[in-house]
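Asker: Sequence:
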Amino acid sequence: MGWFGFNGGSQLALDGAVNALAMSNILVNTNLAAAAGVVTALAVSRPILGRIDLFAGLNGALAGLVAITAGPDIVDARWAVFIGAVGAVVCTLGLKFLEQRRIDDVVGAVPAHLFAGVWGTLATSIAAGANLGVQLLGVVSVGAFVFGGSFVGWTVLEKTMGVRVSRTVEELGQDAAELGLEAYPEFVLMVDPDEGQDYRDP
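Residue numbers (this note's numbering): 1 to 202.
Derived from the structure by calculation, the hints contain no laboratory data.
Wrong hints could be hidden among the right ones.
[What the hints assert, rightly or not] Computed cross-link-like contacts, SDA-like style, restricted to lysine to any residue with a CA-CA straight-line distance of at most 20 Å: (1) 96 to 42; (2) 96 to 57; (3) 96 to 107; (4) 96 to 52; (5) 159 to 147; (6) 96 to 46; (7) 96 to 51; (8) 96 to 55; (9) 96 to 49; (10) 96 to 53; (11) 159 to 148; (12) 96 to 113; (13) 96 to 114; (14) 96 to 106; (15) 96 to 47; (16) 96 to 44; (17) 96 to 50; (18) 159 to 149; (19) 96 to 43; (20) 96 to 48; (21) 96 to 39; (22) 96 to 110.
Take the sequences, apply the hints, and build the full model.
Answerer: In structure tokens form, the structure reads like this:
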């Protein structure tokens with residue numbers, strides 16, 4: 001529901017027929033892109049990832065939302081479906097890309113936000129018949145600024161306080177190590193020391 005709030009809220013007004021129509025178009029396009037994203041991601045997850053993957057489907061919905069956010073007020077419904085669907089394919093391919101290179105992204109944030117976001121930014125200019133070069137320049141400029149700022153920030157953190165926990169804490173889990181409890185004990189796989197067999201803690 002939050003996506004409807006900030007995409008629809010970007011209209012900044014709901015008084016009068018013009019604003020109401022514009023906001024309804026934004027909300028419909030947002031929903032269509034998300035729906036196209038989840039359906040497409042589930043459809044392409046098997047050929048790309050080798051399995052029908054719910055995680056890919058959920059990220060596909062998110063990728064569709066991210067992709068349409070660049071211009072839900074500019075495109076029509078057909079473009080919204082197309083942008084959301086391609087965003088999901090880009091995201092699923094991105095998941096595979098990171099997986100193959102053993103890059104740790106446990107929630108698929110980079111494919112869903114960065115890859116799908118770049119696609120959506122460029123697709124909006126294509127759909128609107130605007131200058132693709134300007135959009136591309138914007139993507140590169142923002143990317144360089146964010147990468148540069150993040151690199152400096154993370155380097156300072158790494159050199160001062162560190163950004164990784166110890167291997168022991170990593171294996172035990174930060175919930176147990178820092179808080180003395182398990183966040184989701186029903187999902188923790190335990191080993192019975194007497195039997196040497198795995199069992200789930202009730």
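Asker: Find the hints from earlier in the document that the structure breaks and name them by number, from lowest to highest.
Answerer: none
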